[in-house]
Amino acid sequence: MTKKNYIYILGCTCIVTLFSCKHGEGEYHNITDKIEAKSKNYHGTSISSEQLLEGIETVEISEGPHTFLIPERKSQIKSYACTECHTKPLHQLKTNDTIKKAHWDIKLAHANLNTMNCITCHNGNDMDNLKSLTGNTIDFNRSHKLCSQCHSKQFEDWKGGAHGKKVAGWAPPRASMTCVNCHNPHKPSFETRWPARFNTQKVKERE
Amino acid sequence: MSNNNKKWFSLDLGNTKKEATGSCGCGKTSGGCGSHTHDQISDKDFDAAVDAAIGDERKKDGFDQVFDVQMDRRTAFRKLTASLLIGAGAVSTSCSVTTGENAKEKAQIDWEEQFKGNYKLMTDEERNATVERLVRSYQLRKKKNINMSSKDAEKDVLFGYAFNISKCQGYMDCVSACVEENNQDRNSQMEYIRIHEMKDGKGFKFDEADDNYYHEVPAEGHFYMGTQCFHCDNPPCVDVCPVQATWREDDGLVVIDYDWCVGCRYCMAACPYDGRRFNWSTPEVPEEEVNKNQHYLGNRMRKKGVMEKCTFCVQRSRAGKNPACVEACPTGARIFGNLLDPDSTIRWVLENKKVFRLKEDLGTEPKFWYFMD
Amino acid sequence: MRRLKVFRSLVKDSLDTTTQGSKRYHIWMAFLTFVMLIGMYCYSIQLEYGLSATGMTDRVSWGLYISNFTFLVGVAAAAVMLVMPTYVLKDIDFKQAVLIGEGLAVAALIMCLAFVVADMGGPSVLWHMIPGLGVFNFPNSMLTWDVLVLNGYLFLNISIPFYILFRRYQGKVPNPKIYVPGAILSVFWAVAIHLVTAFLYQGLQARPFWNNALLGPRFLASAFAAGPALIILVLAIIRTFTEFKIEDKTIKKIGMIVTVAAQINLIMLVSELFKEFYAPTHHSESAYYLFFGLHGKTALLPWIWTAIPLNVLATVLLTFGKLRNNLKVLYFCCFILFIAIWIEKGFGLIVPGFIPGPYGKIAEYTPTGIEIGVTLGIWALGAFVFTILAKTAIKIETGRLRFKTK
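Protein chains in written order, with this note's numbering: chain A, 212 to 418; chain B, 2 to 374; chain C, 85 to 490.
Think of the hints as simulated: they come from the structure by calculation, not from any bench. Among the clues, some could well be false.
Unchecked claim - Restricting the straight-line Cα-Cα distance to at most 25 Å, the calculated cross-link-like pairs of lysine to aspartate or glutamate (DMTMM-like) are:
(1) A/Lys376 / B/Asp174
(2) B/Lys105 / B/Glu352
(3) A/Lys364 / B/Asp374
(4) B/Lys144 / B/Glu113
(5) B/Lys293 / B/Asp157
(6) B/Lys145 / B/Glu106
(7) A/Lys249 / B/Asp362
(8) A/Lys398 / B/Glu217
(9) B/Lys355 / B/Asp374
(10) C/Lys256 / C/Glu327
(11) A/Lys245 / B/Asp362
(12) A/Lys245 / B/Glu352
(13) A/Lys413 / B/Glu217
(14) A/Lys364 / B/Asp344
(15) C/Lys381 / C/Asp142
(16) A/Lys398 / B/Asp374
(17) B/Lys304 / C/Glu132
Isolated chain A, as found in the complex (with noise of 0.2 Å):
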C-alpha cells in the first residue's frame, strides 16, 4: 500500500520534473550565432527610408566599400554661390580698415593659428569651390573630404557609420548626415550646457 504510494508520488514527481525544463529556447547559442545565421539569406525589407527622405535634397556619395547619401549642402549655404559677392579674387577685394569685413562674425575656433587659417580651407582665388591642403579643388557638397584630411580615424568611422548620424530612418537606402550637419566647421566642437531634463521625482525617492 504505502509501497505503491511512494512509486506513485516519485513518478508523478518524475514527470514533472521532466516537464519542467524551459522551453522556446535554445535554437542559437547566442545573438552573434543568430545574427550570422538569419543574415545569411537577407535579401531586403519591405521596410524603406525613400518615404522619410522625400523633400530632403541628397548627393550619393561612394567612399571606398560605402555607398549612401548626404544631405546636399550647396543650396543649404546662405548666399552660395560666393561669387554672387566676391565677384574678385580676395587680394583684389582688400580695402581699408575702417568699413565692416565680410564675415566679420566668424570666430575661427579649429585647431590653432599654426595649423589652419581661412585659407586652409577656402580659395581666395576660386570661392565657390573649398581645397585641399595640396589646392586641389573640393566640391561644397564633398566637404568631407576637407575634413578627412586630417580627422582620417573620424572618417573611417563615418563611413560605416560608427561617427555622425542618419538622415531620417535606419532602413535603406542610407542616407548619413555629413561633418558640416553637426559641426560648425569653423568651430566644430560642441559646447557645454545644461542638460535637458531634471528628475525631481528620483531626488526624493532617494532621500
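Following the hints, position chains B and C against chain A.
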C-alpha cells in the same frame, strides 16, 4: 495561427478541432484527393458539424474561447457580473435606458476591452478590432482622433542598438525626446532612459555614478553612459511573466501588452538592467502633449497598475524611422539599425569597433552594445 | 442523498458553533472584524489611487505584502511537520495537534493568496492567470508553479481534515486507506510549496542576494522552525481557553521539531554570512546594506539586529533540554523565534534583494500606513478563518458536535 507550439494551458477547443479536420495535406477541403479514405466522413461534413457545434469561435482565445463556447454570452456575463466590479458598472450603464448613446457605447467598449484576450495570441481581425475600440474610446472621451497602428514585425528585421560612450555628452536630449514620444506619466516623471555620469579613471562604477545630475555638461573629468531596456534576446523578464503579457517579437523587440498585464512586477525583479517601469498611479499626460501617433504595443496610453518600458519606439522603428532617442541625440552617440542587414551601420559597428555589453555573464544576450571611438 | 443531508447539518451546526461562544470569544471576533474592516478600507484607498498608496517604488518594487506572503508560505508548509508523524509514522501523540496544524495551514494559505492579490497592480484582470480562461505561462514562470502548488496545497489541507471531521461528525472512524495517501502527498507538497516559493526568488540572476543555492533549503529550515513555533503558541492558547485536551508530551515533541529546525537554520545563516563577508564581492552589497547599512542608508538595521539576537537566543535556549521542557521557557522561545523569523524571512529577505538596485542606486523602502492597514487586515482575516475552523474542529473532535439522526 498555428497552435502546435503552444506551451500554455488555454482551452482552444476550436483550434484543435480544426486541425483535426483539414489534415490531408492536399490543400482541398472536399474529399477529392487521394489521401482521404472513404469510410471517413468527408471534411466538408465534418466542418459543417463542427461549425454547428462551436460556430465561429474556433479562433478566439483566452476568455472568449471558454465563455463563447460553453454558454451564450449573456449567461456568461451575468455570472461574472457579480464578481467583477468594473463589469458590473459597465452592464448597469449599458442596461439603463436613460443614459445617452455615447455612454452606452463607452460602456460597451469598456466591457469588451475588459474581457479581450492576450494581444500576442489574437488573430489579425481581433487585433484590428481592439485597436479600433481604443481609437473610438479616445474619440468618445477626449473628442480627439488618434492614429494607432498594430503593425507586426517585418520579416528579416532584427533590431539592434549601439551606444558610443566617447560621444555622449550627457545633454539628456534623448531622455526628453523619449518622454514626449512615449507618453510617459508626467506626475511621477517616469523616464525609460537613464544617463549615468561617471568619473574618468574609475571604470564603470555605476554605484558611484550620478544618474540625476543637474549642472553644465559635459562636466570636467566625467564621461556619460546611457541605459534603458536592452531588448535581450534571452530576456529573463519574459520567462517569469505568469500570464505572458510580455514577450519578444520576431524583430527582437521585447514588448508588453498593457491590457493583459496583471501588475505583479515579477518582471521588474527579474530585469538585471533596470529596464522596466511600473505605473504606480494613473499616468497623466497633458492633452496637448499627447503623441497621437501610436502603436498598440508602444506608446498608447497606459493605465495604472501595469508595466511599461522602452520599446525602441515600436511605432517609429517599424515604420522605418529611428527611435526618438536616436533622432534627438545631438552627438550621434546612438546608433540603431537592422542586425540582419550585412550593409547596415549597426553591423559595421559590431564588426569593426570594440563592442561590449553590460552584465554579459548573466546570459541575457542584450541587443544593446557599447563602444568607444 | 444521506451524505448531502449530513453535510447540510454539518454546515448548520458549525455555523451555530461559530456564532455562539463566551463573551471573550465574541470580543475577539468583533476585534478581528474591526481590523478586517480597517484593512478593507485601506485596500479601497489603494484600489483608487493605485499602488502609489504604498511605499513601493520602481526601485523597491516588492515590499510588505510579498514579505508576509513569503513568510506565510513557510507557516503553511510547516503543518507537514505534524502530519508526517501522525499519519505516516503512526505516532499517536500528534493526533490532536494535527487538525489544528492543518487549520493553521489553511488560514496561512488564505492569507498568502490575499497578500498576493493585494500586491497586484490590476486585480480586476486577475482572471488572466486562471489556467484555461487566461494564459498560464507554465512551466516557464515560477509564479505559475507557485499558484499551482499553493492552490493544490490549500485543496489538500481542506479536504483531509474535512474528511476526518465529516466521519467523526457522524460518529464513524475515518478510513486510513482514504486519508493516508492524501497525507503522504501533502508531505511532499508542503516541501514543494516552500521550495517553489524560494525558487521564485532564487531563479533571478538579476538579484544576487537571492540568487544563491542556499535560499531554498534555508526557507525550509526557517519554515519548519517558525511554523511549528506558531502551532505551539496556538495550542497553548487553545489549551487554556477550551476544554480540548492537549498533552504536554505533544507540545514537547513539537518543541523538539522547532529546536532541530532552528539549529539547522542557524547553521545556514552562519554559512551565508561567511560567504558574504569573508570575501565580499559587489554581490555582497545587499548583505552589507542589510546588516551594516550602505552609504549612510540604514533603514533595515533595527529590524535585522532585533531578529538575529532573538534568533540566536531562542535557538540556544531551546538546545538545552531542561529549558526546552519547561513550558514557560518553550512558549517564550517560540514567540521570539516566530518574531525573529518573521523579520528575517520577510523584510530581511525581500527588501535587501532590491537594494542596491541593478545599477547600485539606493532608494530605501518604508511601508505606508495604508500598506500596514491592509497587512493587519489580512492577518486579522487569517486569525478569523483559523478561529472558525479551530472552533468547529475542536467541538467535533471532543465529541460534543455530532450528527443527530432524527
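Here's how the hints hold up against the structure:
1. A/Lys376 / B/Asp174: holds (15 Å)
2. B/Lys105 / B/Glu352: Status violated; Cα separation ~58 Å.
3. A/Lys364 / B/Asp374: holds (9 Å)
4. B/Lys144 / B/Glu113: Roughly 20 Å between the alpha carbons, so the hint for B/Lys144 and B/Glu113 holds.
5. B/Lys293 / B/Asp157: violated (28 Å)
6. B/Lys145 / B/Glu106: holds (16 Å)
7. A/Lys249 / B/Asp362: holds (24 Å)
8. A/Lys398 / B/Glu217: holds (19 Å)
9. B/Lys355 / B/Asp374: Judged against 25 Å, a Cα distance of about 9 Å means the pair holds.
10. C/Lys256 / C/Glu327: holds (22 Å)
11. A/Lys245 / B/Asp362: holds (18 Å)
12. A/Lys245 / B/Glu352: holds (15 Å)
13. A/Lys413 / B/Glu217: holds (19 Å)
14. A/Lys364 / B/Asp344: Holds, at about 20 Å.
15. C/Lys381 / C/Asp142: holds (18 Å)
16. A/Lys398 / B/Asp374: Holds: A/Lys398 and B/Asp374 sit about 21 Å apart, inside 25 Å.
17. B/Lys304 / C/Glu132: Cα-Cα ~12 Å, so holds.
Checked against the numbered hints given earlier, the structure breaks hints 2, 5 and satisfies all the rest.
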